[in-house]
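Visitor: Taking our numbering, I'd label the letters of the sequence shown as residues 16 to 357.
Just to be clear, a hint being listed does not mean it is correct.
Straight-line alpha carbon distances no greater than 30 Å define the calculated BS3-like cross-link-like pairs of lysine-lysine that follow [unchecked claim]: (1) K266 - K328; (2) K314 - K300; (3) K118 - K145.
For each label pair, taking beta carbons as the anchor points, the in silico distance ranges come out as [claimed, not checked]: (4) R196 - D89: 54 to 62 Å; (5) E188 - R297: 23 to 31 Å; (6) Q133 - D234: 37 to 45 Å; (7) D272 - N103: 26 to 34 Å; (8) E318 - F270: 24 to 32 Å; (9) A256 - K341: 23 to 31 Å; (10) S150 - A319: 30 to 38 Å; (11) Q192 - K137: 30 to 38 Å; (12) R307 - S150: 30 to 38 Å.
In case anyone wonders, no lab produced these hints; they're calculated from the structure. Don't be surprised by glycine CBs; every beta carbon is placed ideally from N, CA and C.
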Amino acid sequence: MRRMLLILFIIAVFLTGCSSNSPVTDGSDEAFDESSEQVLPEQFQEDDVVLKEEISFYPAFNENYKTGNNSLFDFWFDIPVEWNVVDNSQDASTYDILSGNDKVIIQISGVLIDESNQDEDKFCDGLAGKNGTVSEYRFQDRWVGKHIQVSDNVAYYLRVDGDSYLILYMNTEKDPQWRARNEEILNNIAQSVRTAKQSHGINDTANETITQDDLQLGDIWVGMTYEELIEAMDKEPEDIAKEEYEGFVTKTLFFDDGTQVYIVDDTVYTINVTSPAYETPRGLKTGDSKQRLVQLYGKPSNEADGIAGYTHKGYEVFIVVIEDDKLMQIQIELGTQDIEIY
């Protein structure tokens with residue numbers, strides 16, 4: 016469980032850096048012939064035009080990660096908030112994931128399926144080469160794809176997405192020690208590769224007692240606009256912590272009654288209250304006992320170190336801080352609500 020009190024999301028996005036060209040190979044040292052690469056949809060086929068994708072990021076379920084999207088192939092992936100992504104491809108099909116280590120190559124690509132690669136098994140065998148292995152791989156969203164291990168430090172992760180392949184490539188041959196130190200991160204990235212925005216949890220609904228209607232405190236709720244929030248609060252915040260990144264702005268609003276609100280652009284993403292003036296739709300407020308919490312909401316999905324969390328569609332969105340059997344803080348979060356944030 017996340018143990019950060021008050022506002023939990025701190026998003027750091029830096030979109031600079033450089034990397035190399037796409038390394039999708041047939042298992043040898045030579046890259047695919049450019050003539051065999053995918054053909055773009057007609058609307059992108061213009062003479063003398065090089066497409067450069069504007070890469071946007073979104074909050075991920077894990078606050079230490081951010082979610083990226085490729086609009087051409089509509090694939091999604093999570094990377095650490097400190098890492099960056101750049102589009103060095105000629106057709107917006109491939110992103111270089113920048114870890115800060117120039118010796119490491121990590122790329123994620125969309126490849127259209129055509130006559131030359133429509134046999135998935137042969138395509139995977141070509142990527143594996145003579146000494147590589149191909150095995151089934153279950154992604155975090157439970158989709159079963161392929162894990163292609165070319166060597167100890169070179170691997171592909173592949174899944175079929177309609178008329179295209181979604182491929183993650185990792186090459187740490189020049190710094191295998193870095194791979195060993197960052198193996199958990201690399202596994203998290205591979206697991207996150209998907210075709211929908213949600214990072215994970217959407218199918219994990221066991222023992223859930225929270226609904227979207229529960230994500231309200233008094234007259235304020237997650238997903239409302241900044242203007243709606245100020246109107247509902249009937250006052251301005253006494254302080255604002257503002258951060259500007261390329262393409263979006265975040266604000267943490269501090270009100271005089273202890274309420275904190277985290278906003279991305281114009282959308283309320285997280286609300287944390289300490290005042291009993293903000294009652295939930297079921298009648299819970301700070302100062303109530305843990306027993307009343309359980310009476311109204313049932314047993315928490317997660318509980319540790321005085322923090323109880325309830326999930327909606329697998330996402331922890333209703334969180335309370337408990338001290339001496341009393342509720343000290345209540346926090347609600349946007350979760351999986353389908354709102355384009357930035």
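Visitor: Looking back at the hints listed earlier, which ones does the structure fail to meet?
Guide: Numbers 4, 5, 6, 7 and 12, in rising order.
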